[in-house]
Amino acid sequence: MNSKITYDISNVINISKIHLSQEQLKVISKGLKFVPTPTSINTITTVVNCEKSLFSTPKLTKSAAISEISTFIQKWRKPTKFNINKEEAKLLKEIKSIENIVIVQADKGGKIVVMNKNYYFNKIEEKLNDLNVYEQVKKDPTTIIKTEINKQVTKMLNQ
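Heads up, the sequence shown is in our numbering, so the first residue is 223 and it goes up one at a time.
Derived by calculation from the structure, the hints in this document are not laboratory data. Worth double-checking, as some hints may not be accurate.
[As the list claims (entries may be wrong)] Below 25 Å or equal to it, Euclidean Cα-Cα: the simulated SDA-like pairs (lysine to any residue) are:
hint : residue 1 : residue 2
1    : Lys-349   : Val-335
2    : Lys-308   : Ser-232
3    : Lys-274   : Thr-364
4    : Lys-255   : Lys-281
[As the list claims (entries may be wrong)] So the derived label-pair ranges between C-beta atoms look like this:
hint : residue 1 : residue 2 : range
5    : Ile-346   : Thr-283   : 28 to 34 Å
6    : Val-359   : Phe-256   : 32 to 38 Å
7    : Asp-362   : Ala-311   : 38 to 44 Å
8    : Ile-346   : Phe-304   : 31 to 37 Å
9    : Tyr-341   : Lys-318   : 17 to 23 Å
10   : Ile-235   : Gln-358   : 28 to 34 Å
11   : Ile-346   : Gln-296   : 38 to 44 Å
Only a predicted model underlies this, so the values are computations on that prediction, with no experimental measurement involved. C-beta atoms are modelled at their ideal positions from N, C-alpha and C, and glycine is treated no differently.
Build out the structure end to end from the sequences listed, making use of the hints.
Given below as structure tokens:
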């Protein structure tokens with residue numbers, strides 16, 4: 223099945239200090255939007271995570287979301303075809319366990335870049351500290367914005 227698949231590992235640029243094998247690079251070359259086909263679904267975890275995320279959501283939105291989640295859980299069936307084999311799944315797990323790297327999409331060219339976590343965070347901090355681009359706010363506006371969005375959503379749903 224996977225013997226027909228071709229990988230473009232030239233699409234992956236490793237600037238980290240970690241050596242990645244050709245096989246690991248092949249898995250990474252599947253892209254950042256690649257999601258392995260799930261082999262099972264943990265109903266309890268799914269419901270708990272959804273409940274947490276819906277905690278401060280308006281009642282009407284929460285009811286609609288719970289209904290959709292319930293339908294999804296009831297209709298979910300174990301897939302018959304998988305987009306990753308056992309070896310690739312093992313490699314993906316290995317890659318995810320490497321704690322001091324970050325894998326990101328390059329700003330230009332569509333490449334995938336593997337870099338050291340410290341380097342990545344330093345670059346982010348450098349950009350955030352550029353006062354020509356960002357303005358430092360005195361107070362976190364998240365609560366005000368969230369409240370306003372919830373008002374607008376409720377208003378739209380009640381129309």
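Hint by hint, where does the structure go against what was stated? Just the numbers, ascending. 4
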